[in-house]
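Based on the provided sequences and hints, a complete structural model is requested.
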Amino acid sequence: MLDFKLASSQQAGQPDTEREGDRVYDLIIIGGGPAGLTAAVYAGRAALRTLLLGGATPGGQIANTDRVENYPGFPEGISGADLAMRFQNQAEHFVTSLANDFVTEVDFSAAPFTIKTHSDTYQGRAVIVATGAFPRRLGAPGEKEYFGRGVSTCATCDGFFYKDRRVVVIGGGDSAIDEGLFLCKFASEVIVIHRRDELRATKALQERAFANPKMRFVWDTMVEGILGQDTVTGVRVRNVKTDETSTIETDGVFVYIGLIPGTRIFAGQLELNEQGYIVTDSHQRTSVPGVFAAGDVQSPDFRQVVIAAGAGAKAVLEADRYLAETASSYA
Amino acid sequence: MPLLNDEIAEQVKEELADLTRSVELVVFTQEFECEYCAETRQLVEEIAALSDQIEAEVYNFVTDAEKAEELGVDKIPAIAVLGEGDYGVRFYGIPAGYEFVSLLHAIKLVAAGEPELSDETLEALAGVSEPVHLQVFVTPTCPYCQHSVMLAHQLAVASPNVRADMVEAQEFPQLAIKYQVMGVPRTVINENVHIEGAVPEPMVVEKLQGALAA
Chain A
1 MLDFKLASSQ
11 QAGQPDTERE
21 GDRVYDLIII
31 GGGPAGLTAA
41 VYAGRAALRT
51 LLLGGATPGG
61 QIANTDRVEN
71 YPGFPEGISG
81 ADLAMRFQNQ
91 AEHFVTSLAN
101 DFVTEVDFSA
111 APFTIKTHSD
121 TYQGRAVIVA
131 TGAFPRRLGA
141 PGEKEYFGRG
151 VSTCATCDGF
161 FYKDRRVVVI
171 GGGDSAIDEG
181 LFLCKFASEV
191 IVIHRRDELR
201 ATKALQERAF
211 ANPKMRFVWD
221 TMVEGILGQD
231 TVTGVRVRNV
241 KTDETSTIET
251 DGVFVYIGLI
261 PGTRIFAGQL
271 ELNEQGYIVT
281 DSHQRTSVPG
291 VFAAGDVQSP
301 DFRQVVIAAG
311 AGAKAVLEAD
321 RYLAETASSY
331 A
Chain B
1001 MPLLNDEIAE
1011 QVKEELADLT
1021 RSVELVVFTQ
1031 EFECEYCAET
1041 RQLVEEIAAL
1051 SDQIEAEVYN
1061 FVTDAEKAEE
1071 LGVDKIPAIA
1081 VLGEGDYGVR
1091 FYGIPAGYEF
1101 VSLLHAIKLV
1111 AAGEPELSDE
1121 TLEALAGVSE
1131 PVHLQVFVTP
1141 TCPYCQHSVM
1151 LAHQLAVASP
1161 NVRADMVEAQ
1171 EFPQLAIKYQ
1181 VMGVPRTVIN
1191 ENVHIEGAVP
1201 EPMVVEKLQG
1211 ALAA
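First to last, the sequence lines map onto chains A and B. For the first sequence, this note's numbering gives the first residue as 1, with consecutive numbering after it. For the second sequence, this note's numbering gives the first residue as 1001, with consecutive numbering after it.
For the record, the hints were derived by calculation from the structure and aren't laboratory data. Built from N, CA and C at the ideal position, the CB exists for glycine as well. Take these hints with a grain of salt, some might be off.
Subject to a maximum C-alpha distance of 25 Å in a straight line, what follows is the list of computed PhoX-like cross-link-like pairs (lysine-lysine) [stated by the list, open to error]:
(1) B:K1108 to B:K1067
(2) B:K1178 to A:K163
(3) B:K1207 to A:K144
(4) A:K144 to A:K163
(5) A:K203 to A:K214
(6) B:K1207 to B:K1178
(7) A:K214 to A:K185
(8) A:K116 to B:K1207
(9) A:K163 to B:K1013
(10) A:K116 to A:K144
(11) B:K1207 to B:K1067
(12) B:K1075 to B:K1013
(13) A:K163 to A:K116
(14) A:K203 to A:K185
(15) A:K144 to B:K1178
Cβ-Cβ distance ranges computed for the label pairs, FRET-style [said to hold, decoys possible]:
(16) B:E1039 to A:D164: 22 to 30 Å
(17) A:T104 to B:E1114: 22 to 30 Å
(18) B:E1206 to A:G258: 41 to 49 Å
(19) A:F134 to B:K1207: 19 to 27 Å
(20) B:E1024 to A:T104: 49 to 57 Å
(21) A:R137 to B:N1190: 28 to 36 Å
(22) A:R137 to B:R1021: 39 to 47 Å
(23) A:P141 to B:E1039: 41 to 49 Å
If you want a taste of the chain B side facing chain A, the calculated C-beta under 8 Å gives, among others [unchecked claim]:
(24) M1001
(25) L1004
(26) S1051
(27) G1197
(28) E1201
(29) M1203
Written as structure tokens, this is what we have:
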């Protein structure tokens, strides 16, 4: 079935430069996932002059999630891509300007805060960081070499190429099992390799996985290397209990072993915790007054669309209060 | 039945409301239409109906071979997006799913005739004097791919020596095999250089220069 998605952060026009000499936005939101897009809606309704720097993936991580069944208001469930598009469309109604640019550098040392992208420099009186999290790489030999030639982190993108072929999925959480089930639509066999002896994924997903005849599980096992010629041919694995090593033949390797926060550019500017997440208080405030953080970038504890969206809303309510207070102190 | 529902059509109309120059969407199909040939033609006709500045032209790949050759079209379904001139902007396979945005982007880009690229990129492209062919392999369910396609089309508009194709991998499995596409986006430059993933503009330019040096 054909569908036509209008979700893109590029089509909503270029940053608003009409007001020469006033390139300072009230609020700059970095990140175009559920937290950033919800923040954009709230910012629009608060009548803040807002720039949304959306990044590469409209909708963030949910855009490549096969199915979202736990977002309220969609009793039948909704595809991640469609939910992302709805977020995006709603945000576009409210935001002042949108740019599909990658942020390369920030300066949070003094307000207004400065944000550099590949092509421009912007200033904002307040900033919300909602850059989310990205798939963690395995770090095993062969992973980088065979990326795009058998190694993938996006089942919805690449599943088609594994029609009637054998794939392995590395991981045992929600993403691993959800995407593994998606791959069962194409692949002849989906082998889930997990380092523990039970899955971390939610019960409902586990039940579907165990009931799927195409899925097989290899427990207590770590992948130590990805083997190939031109493309992937197998993975070298080690059983963590017996220490035995062996090789599993496969055409594809999908890596879902968790996420790392997108905070590299904020190091030295904002307080980060040991795992690299931005430290916030219960009001989404970071270590720098006027800079807020929301969503997966700030908390690995509840990786849920509804939590990220809620945090995005909180961040704007808090930013609005901050802007009102700082404005009156200048008056 | 229209492919674009009322809601989407209305948004597309709005998107295309401020085209300052005319754009020709040239579609190639054939009498016994290939998979998605009919839909590609219909899509282009529906879009053309939403803007006075857009004209749809339909050609038969077999009987209009001369036109196909003129535009360098070697497979169908194909869409050539032409503005004041031919910038080398092409779509092979239907731009559905996330690629629909790439098509709208290409229309606006070609109408404006001016790419939005950094000064460094434009400078690098000014030094390109040999032909460059970018083929960006995509699937319609890939949210990252549109980024690579839009960038490739920008490069094509910026340089008379660069042409850029979106290639929908599922409709051209033989090409996916030929170029060893197992993940998307994968950009093939002049047959000899590959880029995996949606990478930033400076990296694409670097690879493009590398392809010419090779």
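**Message:** Could you work out which of the previously given hints the structure breaks and list their numbers from low to high?
**Reply:** Violated: hints 9, 10, 11, 12, 13, 18, 20, 24, 26 and 29.
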